Structure formats: C-alpha cells, structure tokens
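Asker: Input sequences plus hints: build the corresponding full structure.
Here the protein sequences line up with chains A and B, keeping their order.
This note's numbering numbers the first residue of the first sequence as 343 and each following residue consecutively.
This note's numbering numbers the first residue of the second sequence as 4 and each following residue consecutively.
Some clues are possibly wrong.
Lysine-lysine pairs mimicking PhoX-like chemistry, simulated, CA-CA at most 25 Å apart [unchecked claim]: (1) K9(B) to K357(B); (2) K357(B) to K6(B); (3) K6(B) to K237(B); (4) K9(B) to K138(B); (5) K9(B) to K364(B); (6) K6(B) to K593(A); (7) K6(B) to K364(B); (8) K662(A) to K138(B); (9) K237(B) to K9(B); (10) K662(A) to K6(B); (11) K357(B) to K662(A); (12) K457(A) to K575(A).
Just a sample of chain A residues kept apart from chain B, beta carbon distances all over 10 Å, derived [unchecked claim]: (13) D354; (14) W405; (15) F442; (16) L450; (17) P463; (18) Y492; (19) I501; (20) L508; (21) S542; (22) W597; (23) H598.
If you are wondering where the hints come from, they were derived from the structure by calculation, not from laboratory data.
Owing to the predicted nature of the structure, the values given are computational and were not obtained by experimental measurement.
Backbone N, C-alpha and C fix where the C-beta goes; we use that ideal spot for every residue, glycine too.
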Amino acid sequence: MEFFVTLIQVLDSTVRLATPLLLACLAGLYSERAGIFDIGLEGKMLMAAFFSAAVAAVTGSVWLGLLAGIASSLVLSALHGLASITFRGNQLISGVAINFLASGLTVLIAQSWFKQGGRTPSLFGGGRFEPIEFPFVDAISGVPFIGPIYSELLSGHSILVYVAFLLVPATWWILFRTRFGLRLRAVGENPAAVDTAGVSVVGLRFAAVAICGVLCGIAGAYLATALQAGFVKEMTAGRGFIALAALIFAKWRPWHAMGACLLFGLLQAVALRFQNIDLGGVVIPVQVMDALPYILTVVILAGFVGKAIPPRAGGEPYVKER
Amino acid sequence: MEKMPKWADVVLIPVISLILAALLSALVILAIGENPVEAVNLMVTGALGSTYGWGYTLYYATNFMFTGLAVAVAFHARMFNIGGEGQAMLGGLGVAIVCLYVPWPHWSIALLAACAASMIFGAAWAAIPAYLQAKRGSHIVITTIMFNFIAAAFLNYMLVNVMRPQGSMDPATARFPEAVQLPTFQSMFSTAENVVFRGAPANISFFVAIVACVIVWALIWRTRLGYEIRSYGKTETGAVYAGISPVRITIIAMLISGGLAGMMAINNVMGEAERLVLNSTEGAGFIGIAVALMGRSHPFGVFLAAILFGFLYQGGAELALWTSIPRELIVVIQALVILFTGALDNMVRMPLEKVFLSLRKGAE
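Answerer: Structure follows, in structure tokens:
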C-alpha cells in the first residue's frame, strides 16, 4: 500500500512536470510541421514565464498574467517569423538568438522593475492558478485504489494542465481532420505545391509560428504562475530543449508527443524524488536520469530504433521563383 | 556577376549589423533608465583603460577565439555546430586528467599535452554527432544540442562522484600542481619596477589561440582538405561529382571543430581556474556562434570579433559592478549580434544590394 501511495505521488508529479513539456512540444509541432524549425521554444517559454509572473504580481490577476505571457511569446514568434519567413534567414540561428534574447532581457527587465536580483515577487492568491477540485473528491477519496487515483492523480491540478492535455486531441483533429491542418502539413512537406494551389505559403507559415507562440506562452505562464509562484532567473532550465527532444521522439505526431512528454516528465519526477536509485547493488546516479531524455532522443535520431524523419521542407526558406 | 563588391560583403554588412545591434542595445539601456553614453564610457575604461582591464578582455577573447574558430570551421562545411559548449566542457575534463594524474616536469610540456588532450576530448565529443550526421542523417544541430546536455550531466557526475577530492563539498577537482601553472601576462610582461596586468587571468594561451587562427586559415584556404571542406559547404552535389566524400568531410570538419572548441580549456581550466569546476565554460561555446557569424567565418574576422566580445564581457562585468545594469545586458547584446549578423542578414543585405545595383546602373 505504501508503494501504491508513492506511485500515485510520483505519477501526480509526472503530470505536473509533463505539462509545460507538452505545451511546448505541441507548440513546436505546429511550427515544424509547417516547415519552420524552432529551437527558440526555450526562449519563448522563458519570456512568457517572466511577463506572466510580472503582470500577475503587479495586477494580482493571473489571467492578465497569462495574456501578457502569451503576448510576449508572440512578439518573439513574430521576430522568428520575420527572420525565417520574410527575410529567409537561417531558422536555427534565429532560434539561438531568441533564446539568448529572452535569457538576457528577462533578467534585465526583472532587475529594473522589481530590484530583487532578477526575480519577480512571489505570487499568492489571485496571482496564481489554483488547483481545480473535481466534484465528489471527498466522497471518493476513501475508496481504495480508485479513490487516490481520482482525488490525487486526476483532480487537483491547475486549469492549464487540463488545457494542455485537451490540446492533444484538438491538435490531432486540427492537423489531420481540417483543411487548415492539411495545408499546414503540406507547406512543411512541399511548399511549392501549396503555392501552386493558390494558397499563401507565407500566410500559413506565419499562422503556424503564431500558434507556436501562443502555446509557448501558455507553457511559460504555467511554469511561473501554476507550477511555481513567481519567476526566477533561467527558470525554464532546458525544458524547451526537452520538449524539442520529445517532439523528435514522437516523430512530430500529437498523441506520441503526449506519450514522450509523459515519459520525460516521469524521468524528471523520479529524479526529483529519489536522488540515486539503488537497484540491488547497481546504483543509478541522478545524472543519468537528467541525461536520459537527451540520450533517448539521440538514439531515436540515429534511427536504430525507428527512424525519425522530419518534415521534408523543414528548415528551408521558401523562395517563390528561382 | 556579383551583386555587390566584395568589400561590402566582408566589411560593410557586418559593420551595419553591428551598428544596428548597438543602437538597439542603447535603447535597451535607456529603457531600463540608465544612460547609454555613460555605460559605454564605463565599459571602455573598465575593459581597455588599464592593463588589468586588457588582461581580462584578452582572457575572454582567448576563449571566444577557440569557440569562434570551432563554429567557423563547421560553417565552412555548411554545418552548424551548436555543441561547442559541451565539447569545451569535455576538453576541460581532458585537461584536468592530464594535469592531475601526470607529474609534469615543466609547464611547457604540460601545455603541449593539455592541448592534445583537450583536442582529443573535444573532438571525441563531436565525433558521435558527426558520425550520426554523416552516416544516419540525423540533424547535427539537434544532436549537438542534446550532447551539450549530456556533457553537462556527465561532467556533473565526474566531478561529484569521481574527481572530487575526499572531504571536499565543492563539486570540483583538486587544484592542479604548481608545475603545470601557465605563465600569465603579468609574469611575462612585468618588469621589476613596472608591474602590468596585475591579477588578470590572461595567459600564454592567448598566443596559442592566435597560432590556432593562423593554422585554421592555412588549413581552410591553403590545403587540399580545406578546399574540399569549402567546396562541400558550397555545393554538396558538386563536391560529390568531384570525388569528395561527404561522409569523410562531415566527420573531419566536425572533429576539427570539436577539437578547437575543446582547446578552449587550456585557457579557462589550465590558465585561469587551475582546477575543473562545474560550468567552467560559462556559455563561451555559444558566444562562439556570435563570434563566427560576425567574423564571417574567417579566422581574422574571428580574431577581431573575439576581441570585441572579450571587451563586451569585461565591460559588462564592470557595468554590473558600478551601475545597476546586470551582466545579462551582455547576453542581450550577444543575442542582437547573432540576430542581425546571422538570422536577419538579408534584412541588411537586400536593400544594400539594391543600392549597389542602382549605383552600377548609374555608372554605365
């Protein structure tokens, strides 16, 4: 029974930790399916984390914070679009620049506004997303097995967690069951064909980059206003890159993305709870858990276990005429 | 026919990009309520106003020369090595092993061995992404990013569990023996009555970095291998037609790139810290990207850009010391330089090309 309680706690923490990964991963999914590589997920999340926490701290409203976070992330998305779509620059270099921009600006502005060493004041009350309690939690929590699963694992997360997981079927439906989704995927595989059909390549790619911005914004806001209470320097801590890894791991598919993010979330949760894991004589150091998402991604990329093939036109700026 | 004269491509565009980045940085400083002119003054006096300031500027510049050259060599083969950070970390591990576990009679021999070890370790860390790119087609950018994180975890493990001296809480190796301490600028250039570069970390590695610049120049423009790397970078199909093996060039270019990034460790680990600490690279691997972009992947350009960034780093540290502007301002400037010289290159280039075309038409 004690094992079961621990298991539920670890899984509960997995869900919390997987949420920002999932949001950022889906963000990258839209962008990369449309042929725009985005290694700036990390920067956009960080920017959104700061602005959501800053606005929530000043206004006391977490919803205004969320909007500010999304807006700031969208500005960086627009920059990425400008560089990689309008001026046909190198998408990877643009992503690197965006990561540094966010990393520097957040601390600079935080120091200038709040003078607390690059952090925002702690959020409380309406400045944070509160957990949502499902109905009948009290009644069911006493039931063995089902009770803890319902009251601990499923209930009691902030609304953004449920949004993130609902976005998975929504993304699947948009990408594979709507006209917009078909065109979005086509523009990532063969933009010339989309152009010939009379659909704007630039418009579609900007739309994809904008969706990516919105989702990264939610991811950042979740980090600063739900998972933690306020912004601290470099608080994304490589999550944007883990999301990128999850995206490759999932081979650019929404349901698999959820699986990959839950897996990587589980690794983080286990690393948080147990430092070094003792498997009857063999001790797995905590650093192995830290590195495992990246190692798994390299293995998948190497194609030894099911090859990951990115969208064909990914990373290539579209030039109408040669 | 070229749309622009060569000097415009080599000098004018980087200078305009740099001015744009500087203007935006000035706006950022204004926006946080500080005076940009005063800030620049402070940076110049802090970084270039004394031999002490120069000692730091050139120390940082040495790091950036190695990582900048690393990115530049990969750029010539049209690869984006974003893994300089991880390769430099591993280079540090190589230097630490050589310095700690071998009793060297003199620093000069130790330096040669450390150069070799850092190169081998850095190159080895680049070898797996290179192999995967060449043989399995996995994107080098993604694999090198992943390898940065794996390197950080690996180094963390090595320092905490293996190399930390007994009884020490600090995740770092023991201090290197005195015999392998490199001569600093202070000991090299001071006379009895006039002490210069007092306490500054610039050391003999600076000259190793300059030699590396010259060797890379000779390699890229004066050897058969360099020609093959450049032609592969210009057009892969053409290179294959000329009998150049993409697998071979990809792997060799990445090995050189990783080796150069690794060599940074002789400066920061052997020359300055004299022990291996966590996060010894301090992001220098990423600054190499900005340096290579600004320097147009030419060793001389890399040299100049590295000194510029060395100045920014030392100046930024002075700013943080004397004003309320945090060090992160430098990260913003670095981001703007990467943005304008790299990603938004066409924004500057397209209008300039139009200007030169119309000038040419006017002349005819």
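Asker: Would you check the hint for K237(B) and K9(B), treating anything up to 25 Å between C-alpha atoms as holding?
Answerer: 17 Å, holds
Asker: Going straight from one Cα to the other, do K9(B) and K138(B) come out at no more than 25 Å?
Answerer: 36 Å, violated
Asker: For W405(A), is the shortest CB-to-CB distance to chain B above 10 Å, so the non-interface label stands?
Answerer: 26 Å, holds
Asker: Evaluate the condition: distance from the CB of W597(A) to the nearest CB of chain B exceeds 10 Å.
Answerer: 22 Å, holds
Asker: Take a quick look at H598(A) and tell me if its Cβ sits farther than 10 Å from every Cβ on chain B, holds or violated.
Answerer: 17 Å, holds
Asker: Does the structure keep K662(A) and K6(B) at a Cα separation of 25 Å or less?
Answerer: Holds: K662(A) and K6(B) sit about 20 Å apart, inside 25 Å.
Asker: Does K364(B) lie within 25 Å of K9(B) when you go C-alpha to C-alpha?
Answerer: Cα-Cα ~18 Å, so holds.
Asker: Next pair to validate is K662(A) with K138(B); report whether the Cα-Cα distance is within 25 Å.
Answerer: Distance ~32 Å between K662(A) and K138(B) Cα, so the pair is violated.
Asker: Is the Cβ of L508(A) more than 10 Å away from each Cβ in chain B?
Answerer: Check passes; 28 Å lies beyond 10 Å.
Asker: Grab the minimum beta-carbon distance between P463(A) and chain B and tell me whether it stays above 10 Å.
Answerer: 18 Å, holds
Asker: Would the least Cβ to Cβ distance between Y492(A) and chain B come out above 10 Å?
Answerer: 36 Å, holds
Asker: Does the alpha-carbon distance linking K6(B) and K364(B) stay inside the 25 Å limit?
Answerer: Holds, at roughly 12 Å.
Hints 4, 6, 8, 15 and 16 from the list above are not met by this structure, while the remaining hints are.
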